[in-house]
Amino acid sequence: MDDIKTTIINRDLNPYHSFLASFFAGLAELGMINQGSINIVSRRAAEYLYSYLDAKDILPDMSAVPGDSTAEVVKNLILYINKIISLMGGYDLQELDEGQVVLLVAADKCRICPKGVGGAEVKGTLCPIPSFIENLVNKIAGTELIDLVTPGIEKEGTTCKAYFQIKS
Amino acid sequence: MAQTISDQLDQVLINFERNVPHVEAIAIVSTDGLVIASRLPDKVEEDRVGAMGAAILSISKRSGEELSRGEMCKVLIEGENGYLLIRSIGEFAILVALVDKNVRLGMLFYECKRCIAQLNEIL
Numbered sequence: 274m275d276d277i278k279t280t281i282i283n284r285d286l287n288p289y290h291s292f293l294a295s296f297f298a299g300l301a302e303l304g305m306i307n308q309g310s311i312n313i314v315s316r317r318a319a320e321y322l323y324s325y326l327d328a329k330d331i332l333p334d335m336s337a338v339p340g341d342s343t344a345e346v347v348k349n350l351i352l353y354i355n356k357i358i359s360l361m362g363g364y365d366l367q368e369l370d371e372g373q374v375v376l377l378v379a380a381d382k383c384r385i386c387p388k389g390v391g392g393a394e395v396k397g398t399l400c401p402i403p404s405f406i407e408n409l410v411n412k413i414a415g416t417e418l419i420d421l422v423t424p425g426i427e428k429e430g431t432t433c434k435a436y437f438q439i440k441s
Numbered sequence: 504m505a506q507t508i509s510d511q512l513d514q515v516l517i518n519f520e521r522n523v524p525h526v527e528a529i530a531i532v533s534t535d536g537l538v539i540a541s542r543l544p545d546k547v548e549e550d551r552v553g554a555m556g557a558a559i560l561s562i563s564k565r566s567g568e569e570l571s572r573g574e575m576c577k578v579l580i581e582g583e584n585g586y587l588l589i590r591s592i593g594e595f596a597i598l599v600a601l602v603d604k605n606v607r608l609g610m611l612f613y614e615c616k617r618c619i620a621q622l623n624e625i626l
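Going line by line, the protein sequences match chains A and B. Using the working numbering, read the first sequence as starting at 274 and increasing by one per residue. Using the working numbering, read the second sequence as starting at 504 and increasing by one per residue.
Bound conformation, chain A alone (with noise of 0.2 Å):
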């Protein structure tokens, strides 16, 4: 209990990021979900965020975004999505070569995770953001701007990275 406390306080969670963290973690204790099944459902929660954006007449002008680059309007499009939905305590969006990019999380301020946050006790990854991300920026672009590269999240130290490809 005093491990929930601490992860509620230090990670600055709202009770939706609890629900919907412990609710994942239950399921993958059970089985019943894994990173697979977690980014075909984060692309219908995509779809859905999308419309909810739309229907509360919230969605960004694309042609107001700033950045005189893809990458530079993509970090934008992220900073927005994680000012609305509060997914990411601590990120950084980073350019790599080859029109690479890399979503860098900090895993001990992530308010979603299943493990850290959920408490989920099984092997592998279950990150919902990447997919999550790519889904809902490119509907937002209306075309497609970021191809998740890694399907799922890669783990280093404190840091979770995403690799998305920047589409010309």
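Keep in mind the hints are simulated off the structure, nothing from the lab. Note that the Cβ used here is the ideal one computed from N, Cα and C, for glycine as well. Keep in mind that a hint or two might mislead.
As the list claims (entries may be wrong) - DEER-style ranges, computed between Cβ atoms:
(1) A:ASP285 <-> B:ASN584: 46 to 56 Å
(2) B:SER566 <-> A:ARG317: 18 to 28 Å
(3) B:ILE562 <-> A:GLY392: 14 to 24 Å
(4) A:ILE331 <-> B:ASP545: 32 to 42 Å
Assemble the complex: chain A is given as a structure, and chain B must be docked to it using the hints.
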């Protein structure tokens, strides 16, 4: 030149298809539900085969443990149009095969066992 792991896995799947008539689709999937290698027709979505195959196996394993059925050997689902066979390949991978209803199950199980022995060596 030595074959890559990917080429070796593809070859095992090709042999499986050749040896077992009526195989419609076959895939090697990680326990995370991500496809490692596959031979699937266009109408079959690769990411769904991976996610569902891994989830079915994982639920079956869990059910076997909870209901005292011991270690799970294989999952066979029979449908109107054929079968779905799922088996573990070691600790981290899974074999998923979709076969039509005319398959000889004995042949399918035999070839599956042989194929998994080969895949265990490669992976």
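| query | Does the hinted range 32 to 42 Å hold for ILE331 (chain A) and ASP545 (chain B) at CB? | reply | Given about 38 Å between the Cβ atoms, the range holds.
| said: Against the range 46 to 56 Å, how does the distance between the Cβ atoms of ASP285 (chain A) and ASN584 (chain B) compare: consistent or not? | reply: Taking Cβ atoms as reference, ASP285 (chain A) and ASN584 (chain B) lie about 51 Å apart, which means the hint holds.
| query | Given a hinted range of 18 to 28 Å, is it respected by the beta-carbon distance of SER566 (chain B) and ARG317 (chain A)? | reply | At 26 Å between Cβs, range holds.
| request: Return holds or violated for the Cβ distance of ILE562 (chain B) and GLY392 (chain A) against the range 14 to 24 Å. | output: Roughly 20 Å apart at Cβ, these two residues keep to the hinted range, so it holds.
In the structure shown, no violation is registered for any of the earlier numbered hints.
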